[in-house]
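Enquirer: In the order they appear, the protein sequences are chains A and B.
The numbering of the first sequence is the UniProt record's numbering, which starts it at 1 and goes up by one.
The numbering of the second sequence is the UniProt record's numbering, which starts it at 1 and goes up by one.
Simulated from the structure, these hints should not be mistaken for lab results.
Computed from a predicted structure; not experimentally measured.
Backbone N, C-alpha and C fix where the C-beta goes; we use that ideal spot for every residue, glycine too.
Some hints could be false.
Stated by the list, open to error - Just the calculated beta-carbon pair ranges, DEER-fashion:
#	chain 1	residue 1	chain 2	residue 2	range
1	A	G125	B	K213	37 to 47 Å
2	B	R375	A	Q91	49 to 59 Å
3	A	Q124	B	Y202	49 to 59 Å
4	B	E261	A	G106	13 to 23 Å
5	A	T112	B	E261	56 to 66 Å
6	B	V368	A	H17	33 to 43 Å
7	B	R27	A	Q7	34 to 44 Å
8	B	P288	A	H17	48 to 58 Å
9	A	V5	B	R27	37 to 47 Å
10	B	P380	A	Q91	32 to 42 Å
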Amino acid sequence: MRVRVEQTALPGIGVRHDLMTESGRRLGVVSHRNGRRDLVLYDPDDPDSCQHDIPLTDDEAEALADILGASLMLGQLAGLRDQAAGLLTEQIAIPAGSRYVGRPLGDTKARTRTSASIVAVLRQGEVIVSPDPTFRFQAGDVVVVVGTRQGLDGVTAILAEADPDG
Amino acid sequence: MHETTTLLVEVGALLLLLGLLGRLSRRFGVSPIPLYLLAGLAFGHGGLLPLNASEEFFAIGAEIGVILLLVMLGLEYSANELVGNLRSAAPAGLIDAVLNALPGFAFALLLGWGWVAAVVLAGVTWVSSSGVIAKVLGDLGRVGNRETPVILSVLVIEDLAMALYLPLVTALLAGVGFVKGGIALAVAVLSVVVVLTVAIRYGHLISAALSAKDPEALLLGVLGLTLLVAGVAAKLQVSAAVGAFLVGIALSGPVAHHATELLSPLRDLFAAVFFVFFGLVTDPLDMPPVLLPAFLLAVVTMGTKLATGYLAARRAGIAEPGRWRAGFALTPRGEFSIVIAGLAVAAAYPVEPRLAALATAYVLITVVTGPMLARLPDLPWFKRWLRRRAAARRPVPVGVAD
Numbered sequence: 001m002r003v004r005v006e007q008t009a010l011p012g013i014g015v016r017h018d019l020m021t022e023s024g025r026r027l028g029v030v031s032h033r034n035g036r037r038d039l040v041l042y043d044p045d046d047p048d049s050c051q052h053d054i055p056l057t058d059d060e061a062e063a064l065a066d067i068l069g070a071s072l073m074l075g076q077l078a079g080l081r082d083q084a085a086g087l088l089t090e091q092i093a094i095p096a097g098s099r100y101v102g103r104p105l106g107d108t109k110a111r112t113r114t115s116a117s118i119v120a121v122l123r124q125g126e127v128i129v130s131p132d133p134t135f136r137f138q139a140g141d142v143v144v145v146v147g148t149r150q151g152l153d154g155v156t157a158i159l160a161e162a163d164p165d166g
Numbered sequence: 001m002h003e004t005t006t007l008l009v010e011v012g013a014l015l016l017l018l019g020l021l022g023r024l025s026r027r028f029g030v031s032p033i034p035l036y037l038l039a040g041l042a043f044g045h046g047g048l049l050p051l052n053a054s055e056e057f058f059a060i061g062a063e064i065g066v067i068l069l070l071v072m073l074g075l076e077y078s079a080n081e082l083v084g085n086l087r088s089a090a091p092a093g094l095i096d097a098v099l100n101a102l103p104g105f106a107f108a109l110l111l112g113w114g115w116v117a118a119v120v121l122a123g124v125t126w127v128s129s130s131g132v133i134a135k136v137l138g139d140l141g142r143v144g145n146r147e148t149p150v151i152l153s154v155l156v157i158e159d160l161a162m163a164l165y166l167p168l169v170t171a172l173l174a175g176v177g178f179v180k181g182g183i184a185l186a187v188a189v190l191s192v193v194v195v196l197t198v199a200i201r202y203g204h205l206i207s208a209a210l211s212a213k214d215p216e217a218l219l220l221g222v223l224g225l226t227l228l229v230a231g232v233a234a235k236l237q238v239s240a241a242v243g244a245f246l247v248g249i250a251l252s253g254p255v256a257h258h259a260t261e262l263l264s265p266l267r268d269l270f271a272a273v274f275f276v277f278f279g280l281v282t283d284p285l286d287m288p289p290v291l292l293p294a295f296l297l298a299v300v301t302m303g304t305k306l307a308t309g310y311l312a313a314r315r316a317g318i319a320e321p322g323r324w325r326a327g328f329a330l331t332p333r334g335e336f337s338i339v340i341a342g343l344a345v346a347a348a349y350p351v352e353p354r355l356a357a358l359a360t361a362y363v364l365i366t367v368v369t370g371p372m373l374a375r376l377p378d379l380p381w382f383k384r385w386l387r388r389r390a391a392a393r394r395p396v397p398v399g400v401a402d
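With the hints as extra help, turn the sequences into a complete structure.
Expert: Below is the structure:
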């Protein structure tokens, strides 16, 4: 983690975590001992004072964490493209008529055939990270694949194979 | 039989009045403590309408009130928090003690009240009101502020210091002299250290013995344990309040959390009784002569508290506005000051009789003005003043003529 998160004990109240963003704003979370938590945004002119104090319910906090976590995951995957020379990341949609709709990931034998890996599946706005071979595809899934140009093209071709019964 | 019915009428009427006063204070967003004190003054010796039948009830209720105030204070902290805070916040705590205890001490000597009263008044001016300050921080939405840990750690050190100060005062007031006072202090230090060690190492065992699942058993268990330990502590001349505080610290986890919920209503009831009782035993006729001294003392010691908060926040690397917020937030004195003055009132050898009146007036002034002062740093003119100050300090760049 490249960002420094400061943790401060609030005796009698709970714990506060806060961090400074690159844009110069400070934000934090106050976790009360009784299970309550507040998202706090600090005043840009007075970085010690919190300008907004937003109480979050358990569900709200979870939803917010999911959104932030998911966008982070995609950002990291995109970053791979720059980091590893020769390795590419691509999002490939499974065509509606694909023979793999409703069948497990293992059936594609994608890795053995192309050396490219399926590292995640995007389904209805959610990210399923590292799907195992028993993971079943649905129509509308988008798979995130990492591999060489050739490998990615190979996976695209495999997923595009039409269903012989359809 | 007649006595009992009078007692019911008096207690009932007074509690009903306190309820209305509490509601009134909430309407104006101030602490109810000053109103409870005033109610006590009105119904006490020499007041508007003296209550006679219920005095014993209020005396015992007040005793329980102090014990509950302290056990709840202890429940808020874990032993780890207290010890962890000790190292980092000790310098701030020392500044706090020197700046705020000394004025009270010197003031009592100046008035010629003798040194026992001076030690008591030093405690009265030293300790900020944790309860009032916690409420102010919540009301002003400052719990997340970066100067808040500084304020809280000053309060923690004060609370811990009280565990050593109260037994000393108790011994002095009992007229046992310096040798026995020293022994009482040694016993207190030893018991604080033992309780902290046991609480850190075996706190979960004590908490496990009192199951958090059954509310009735938990309420009776915690209340019983607290009163028992407080009583034993009082027998050892260590002050019942300290015993209760230590019980609060020793409990942790879910037991502490549930006990806090269960004891809160009881604390509210008996703490109100305590404040009323303190007013009851203070003669309002003693008040006018001490009003001016109390006002002077309040001005001086609110100034020194402001300095304490400012310096402590500066040490923690907080910017200018945050230092002022920390300083003003610490100014209210409240329950602890009254607890200390209450010890003096109940002493076997009564010290200066005007002490109770002075303490009442002093707490009335600080607890009313303190929370109002805490709002100052948020006002636009105060912020403008701070900006002008900051601008004046910065070296003015020399204009280049072209």
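Enquirer: Does each hint hold? Answer for all of them.
Expert: Outcome of the hint check:
Taking 37 to 47 Å as the suggested C-beta distance range, the pair A:G125 and B:K213 conforms, at roughly 41 Å. Look at B:R375 against A:Q91: about 54 Å separates their beta carbons, and that is inside 49 to 59 Å. At about 51 Å, the CB distance of A:Q124 to B:Y202 agrees with the hint of 49 to 59 Å. Checked against the given bound of 13 to 23 Å, the beta carbons of B:E261 and A:G106, roughly 53 Å apart, lie outside it.
Look at A:T112 against B:E261: about 60 Å separates their beta carbons, and that is inside 56 to 66 Å. At roughly 36 Å, the beta-carbon separation of B:V368 and A:H17 lies within the given 33 to 43 Å, and the hint holds. Taken as a hint, the range 34 to 44 Å holds for the pair B:R27 and A:Q7, whose Cβ atoms sit roughly 39 Å apart. Evaluation of the 48 to 58 Å hint for B:P288 and A:H17 yields a pass: the beta carbon distance comes to about 53 Å.
Our hint of 37 to 47 Å for A:V5 and B:R27 holds, since their Cβ atoms are close to 41 Å apart. For B:P380 and A:Q91, the Cβ-Cβ distance of about 52 Å falls outside the hinted range of 32 to 42 Å, so the restraint is violated.
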